[in-house]
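In order, the protein sequences belong to chains Z, G, L and S. Quick note: the first sequence uses the numbering used here, first residue 1, plus one each step. Quick note: the second sequence uses the numbering used here, first residue 1, plus one each step. Quick note: the third sequence uses the numbering used here, first residue 1, plus one each step. Quick note: the fourth sequence uses the numbering used here, first residue 1, plus one each step.
Hints in this document: simulated from the structure, not taken from any laboratory. There's no promise every hint is true.
In the SDA-like style, the derived pairs of lysine to any residue whose C-alpha atoms are separated by at most 20 Å in a straight line are [unchecked claim]: (1) 61(Z) x 77(Z); (2) 131(S) x 193(L); (3) 173(S) x 119(L); (4) 173(Z) x 62(G); (5) 33(G) x 51(Z); (6) 173(Z) x 133(G); (7) 173(Z) x 33(G); (8) 131(G) x 18(G); (9) 144(S) x 181(L).
Here are the in silico distance ranges between beta carbons for each label pair [said to hold, decoys possible]: (10) 196(G) x 149(Z): 17 to 27 Å; (11) 78(S) x 91(L): 27 to 37 Å; (12) 127(L) x 127(S): 25 to 35 Å.
Where is the CB? At the ideal position from N, CA and C, for every residue including glycine.
There are 4 protein chains.
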Amino acid sequence: MMPTDGRAERANKKRELRRREILDVARAVFAEKGYHHTHVADIIEAAGIARGTFYLYFESKSAIFLELLEQLLVEVRSSIVGVDTSDSAPPVQVQLVDRIRRILHLVVENHALTTILVREAVGLDAEVDAKMREFYQSLHFYLKDALDNGKAMGLLRDLDTEVAAFCVLGTIKQLMEQVVMNEDGKLAADVDRIALGVLDFNLRGLIGR
Amino acid sequence: MMPTDGRAERANKKRELRRREILDVARAVFAEKGYHHTHVADIIEAAGIARGTFYLYFESKSAIFLELLEQLLVEVRSSIVGVDTSDSAPPVQVQLVDRIRRILHLVVENHALTTILVREAVGLDAEVDAKMREFYQSLHFYLKDALDNGKAMGLLRDLDTEVAAFCVLGTIKQLMEQVVMNEDGKLAADVDRIALGVLDFNLRGLIGR
Amino acid sequence: MMPTDGRAERANKKRELRRREILDVARAVFAEKGYHHTHVADIIEAAGIARGTFYLYFESKSAIFLELLEQLLVEVRSSIVGVDTSDSAPPVQVQLVDRIRRILHLVVENHALTTILVREAVGLDAEVDAKMREFYQSLHFYLKDALDNGKAMGLLRDLDTEVAAFCVLGTIKQLMEQVVMNEDGKLAADVDRIALGVLDFNLRGLIGR
Amino acid sequence: MMPTDGRAERANKKRELRRREILDVARAVFAEKGYHHTHVADIIEAAGIARGTFYLYFESKSAIFLELLEQLLVEVRSSIVGVDTSDSAPPVQVQLVDRIRRILHLVVENHALTTILVREAVGLDAEVDAKMREFYQSLHFYLKDALDNGKAMGLLRDLDTEVAAFCVLGTIKQLMEQVVMNEDGKLAADVDRIALGVLDFNLRGLIGR
DNA sequence: TATGAATGAGGGTTCATTCAT
DNA sequence: TATGAATGAACCCTCATTCAT
Chain Z
1 MMPTDGRAER
11 ANKKRELRRR
21 EILDVARAVF
31 AEKGYHHTHV
41 ADIIEAAGIA
51 RGTFYLYFES
61 KSAIFLELLE
71 QLLVEVRSSI
81 VGVDTSDSAP
91 PVQVQLVDRI
101 RRILHLVVEN
111 HALTTILVRE
121 AVGLDAEVDA
131 KMREFYQSLH
141 FYLKDALDNG
151 KAMGLLRDLD
161 TEVAAFCVLG
171 TIKQLMEQVV
181 MNEDGKLAAD
191 VDRIALGVLD
201 FNLRGLIGR
Chain G
1 MMPTDGRAER
11 ANKKRELRRR
21 EILDVARAVF
31 AEKGYHHTHV
41 ADIIEAAGIA
51 RGTFYLYFES
61 KSAIFLELLE
71 QLLVEVRSSI
81 VGVDTSDSAP
91 PVQVQLVDRI
101 RRILHLVVEN
111 HALTTILVRE
121 AVGLDAEVDA
131 KMREFYQSLH
141 FYLKDALDNG
151 KAMGLLRDLD
161 TEVAAFCVLG
171 TIKQLMEQVV
181 MNEDGKLAAD
191 VDRIALGVLD
201 FNLRGLIGR
Chain L
1 MMPTDGRAER
11 ANKKRELRRR
21 EILDVARAVF
31 AEKGYHHTHV
41 ADIIEAAGIA
51 RGTFYLYFES
61 KSAIFLELLE
71 QLLVEVRSSI
81 VGVDTSDSAP
91 PVQVQLVDRI
101 RRILHLVVEN
111 HALTTILVRE
121 AVGLDAEVDA
131 KMREFYQSLH
141 FYLKDALDNG
151 KAMGLLRDLD
161 TEVAAFCVLG
171 TIKQLMEQVV
181 MNEDGKLAAD
191 VDRIALGVLD
201 FNLRGLIGR
Chain S
1 MMPTDGRAER
11 ANKKRELRRR
21 EILDVARAVF
31 AEKGYHHTHV
41 ADIIEAAGIA
51 RGTFYLYFES
61 KSAIFLELLE
71 QLLVEVRSSI
81 VGVDTSDSAP
91 PVQVQLVDRI
101 RRILHLVVEN
111 HALTTILVRE
121 AVGLDAEVDA
131 KMREFYQSLH
141 FYLKDALDNG
151 KAMGLLRDLD
161 TEVAAFCVLG
171 TIKQLMEQVV
181 MNEDGKLAAD
191 VDRIALGVLD
201 FNLRGLIGR
């Protein structure tokens with residue numbers, strides 16, 4: 001009765017656009033006020049839509065937050081790529097500096113999103129909680145894996161990769177928090193200094209002698 | 001009007017006891033459910049007291065949480081003592097291992113409290129938020145100071161102490177989180193391994209070559 | 001975003017209607033039970049609306065009461081008009097009888113409202129208190145002014161207009177209270193007799209010989 | 001088993017003393033804050049007694065207020081005595097001035113009590129309400145009776161004594177309110193002027209030509 | 001008699017979600 | 001699809017009164 005003709009397509013596109021608009025607005029609001037202090041009223045007001053409209057696009061307050069969180073996690077994950085250890089690749093250290101820089105830029109550019117990730121740590125809806133935990137676990141797993149590889153390749157000293165992965169993860173989280181806390185990225189200039197410092201700290205912790 | 005005689009003293013003791021009872025119960029409930037999902041109703045039910053009784057001892061929900069938080073921070077702070085660098089003192093590294101052990105034991109023994117510290121990161125009442133932030137800031141400051149000293153004494157390499165302090169802080173926080181997450185402290189045995197691993201990681205990061 | 005078209009207009013009208021409905025119901029409840037014994041629950045039950053709906057239209061219990069009070073004061077004030085002393089105007093006494101009649105009719109017709117004004121004298125919310133006091137003060141001021149005029153025009157004897165204004169005010173208030181107390185306006189017929197009596201009393205008190 | 005011996009008597013006296021102390025304190029508190037804003041906590045704090053002690057002397061908050069109200073009404077009533085119309089008595093007008101003065105002094109001296117009478121008009125507990133209404137009714141009845149007498153004796157003109165009694169009552173109430181409102185009886189000096197003014201107003205209203 | 005800790009029935013208000021238009 | 005009025009379950013907190021000591 002309603003084939004996927006031009007009209008429906010256009011409708012879909014419009015719908016998708018609306019969704020994204022709301023998501024963007026909600027991201028900003030959540031970042032500014034935090035999950036619990038953000039009310040659906042705040043979002044719809046900022047988005048200029050009616051109460052009911054919100055529920056036309058999202059199932060609930062926690063659902064939209066979950067979606068934002070997922071978006072963020074995808075972005076973070078995609079920014080985490082392994083180092084290339086082939087002969088033709090640039091030196092590992094150079095690659096690592098690049099990795100850290102990427103993350104930092106992601107953090108700075110997605111101030112709002114990252115604020116969420118850092119601040120709304122745990123204690124929200126069960127589902128959000130689970131997502132969060134799962135993310136950090138996968139991150140830890142990824143790090144441990146990388147460290148195991150590095151160890152196998154003789155790049156790293158003989159260390160407890162599980163614990164070391166925790167440590168690296170901890171420095172990264174702290175780094176993000178630090179960047180997020182300094183509102184408006186006033187530190188801008190500092191970013192590079194901090195990035196290098198963190199990398200240096202971790203490399204020494206990992207490579208050792 | 002009523003001298004601090006035996007009766008009044010006993011009454012005071014009883015009152016103090018009751019307070020502590022409620023605090024203990026509340027700590028457990030907060031740790032289990034998180035700040036926002038803990039209702040005064042939960043606390044009074046768990047404590048077996050009436051609604052009004054709660055407000056006889058604490059001004060509000062946020063007040064009791066703040067008190068728990070302060071207790072925790074005091075304990076954590078007291079467990080953080082500098083190393084003794086006099087000649088007669090034990091080797092610095094031994095002292096540091098001891099420090100880490102202390103913190104870990106504190107964390108394990110105060111599972112509930114620490115859960116709060118780790119999980120309820122930010123976004124609660126403004127006052128709680130401030131307390132939290134202030135604590136981490138003071139911790140960072142303390143660490144930076146210690147590192148500056150170590151650097152001056154030639155114990156540490158030439159590093160960016162501010163950034164390094166962030167890194168150490170990050171590993172400590174992650175460590176606490178990790179311990180907290182593993183419910184019921186099943187890891188018990190692991191604690192020592194983790195403590196040593198973290199220390200090792202940090203020392204290498206700090207001392208370098 | 002939404003032009004004031006027919007739909008919006010109708011919505012506004014409906015909203016205004018609802019507001020008035022709640023106000024009417026609340027007026028009756030307040031009049032029957034008094035401010036302190038009227039709970040929001042009573043109002044919403046009588047209005048047949050949900051708890052939340054009440055707060056959609058009014059900020060608080062004291063806010064709706066304040067609004068009712070203001071309505072009443074406006075009505076009372078508008079019923080108080082000076083006498084016309086020009087030659088072509090009807091005799092002053094006739095005009096005055098008319099004034100008293102007006103007030104009495106207002107009182108009888110707005111039994112509920114007046115009950116509030118008379119009974120909830122003082123001691124409610126600070127704002128309500130202030131409103132009340134201000135009203136009676138302005139009434140006193142108005143009366144004194146009128147008496148001063150009358151004196152200047154030689155219509156009144158040489159009297160202490162400030163005190164006299166208090167006296168007139170007192171008789172009016174008592175009159176209102178009397179009418180209000182007799183529930184259901186049983187006195188109806190009496191109203192005229194009382195009005196004339198009060199006027200007579202005041203005129204003699206004011207004009208003297 | 002316990003004859004009304006010396007000991008018991010002394011105990012009774014002590015008890016009576018305590019009661020009066022609490023009553024005095026409560027009167028002041030009620031006058032300052034009004035009935036609804038006065039909590040039992042305020043009274044016991046001001047009286048320096050324990051919560052339970054209060055209920056040893058008074059059944060409830062409304063009971064103590066009722067008692068204060070009754071005290072006041074008794075005092076007011078006792079200050080209202082008829083005029084002596086025998087030949088040997090002083091002129092009626094002189095006597096009336098004396099009456100008004102008495103009431104005013106009562107009001108000024110019992111500022112707290114009168115405040116209660118004037119402010120807490122109606123709308124408290126049903127019993128308090130009834131008491132209040134009954135008092136004003138009896139006052140009205142008394143006035144009407146006096147006016148009827150005066151009329152019979154030819155002292156007053158031919159007037160509607162019922163309505164006239166309302167008017168007199170109204171001026172008296174307004175007078176009391178005015179005196180009460182001016183905190184701390186700053187008007188002191190004014191009292192006489194006002195008293196005379198009110199009397200003058202009423203006499204003219206009553207006697208007429 | 002005196003105490004004051006304990007009680008618990010409300011009271012006002014908020015806010016995520018639904019649903020008729 | 002869009003609207004926004006309506007809903008009502010919660011939630012925090014107060015305070016008159018009771019009762020064990």
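Evaluation of the provided hints:
Distance hint between residue 61(Z) and residue 77(Z) is unfulfilled; the C-alpha atoms sit about 24 Å from each other, more than 20 Å. This hinted pair does not check out: residue 131(S) and residue 193(L) have alpha carbons roughly 28 Å apart, beyond 20 Å. Distance hint between residue 173(S) and residue 119(L) is fulfilled; the C-alpha atoms sit about 14 Å from each other, no more than 20 Å. Using a Cα cut-off of 20 Å, the hinted pair residue 173(Z) and residue 62(G) is violated, with the two alpha carbons roughly 27 Å apart.
With a CA separation close to 30 Å, the supplied pair residue 33(G) and residue 51(Z) exceeds the 20 Å bound. Straight-line distance between C-alpha atoms of residue 173(Z) and residue 133(G) comes to about 15 Å, which keeps the hinted pair within the 20 Å bound. A threshold of 20 Å between alpha carbons decides the hint, and for residue 173(Z) with residue 33(G) the separation of about 24 Å lies outside it, so the pair is violated. Taking the CA atoms of residue 131(G) and residue 18(G), the gap is near 25 Å; set against the 20 Å cutoff, the hint is violated.
Proximity of residue 144(S) to residue 181(L) is assessed by CA-CA distance (about 18 Å); at most 20 Å being required, the pair is judged to hold. Roughly 23 Å separates the CB atoms of residue 196(G) and residue 149(Z), a value that falls within the hinted 17 to 27 Å. Taking the beta carbon of each, residue 78(S) and residue 91(L) are about 46 Å apart, not inside 27 to 37 Å as hinted. Under the hint 25 to 35 Å, the C-beta atoms of residue 127(L) and residue 127(S), about 29 Å apart, fit the expected range.
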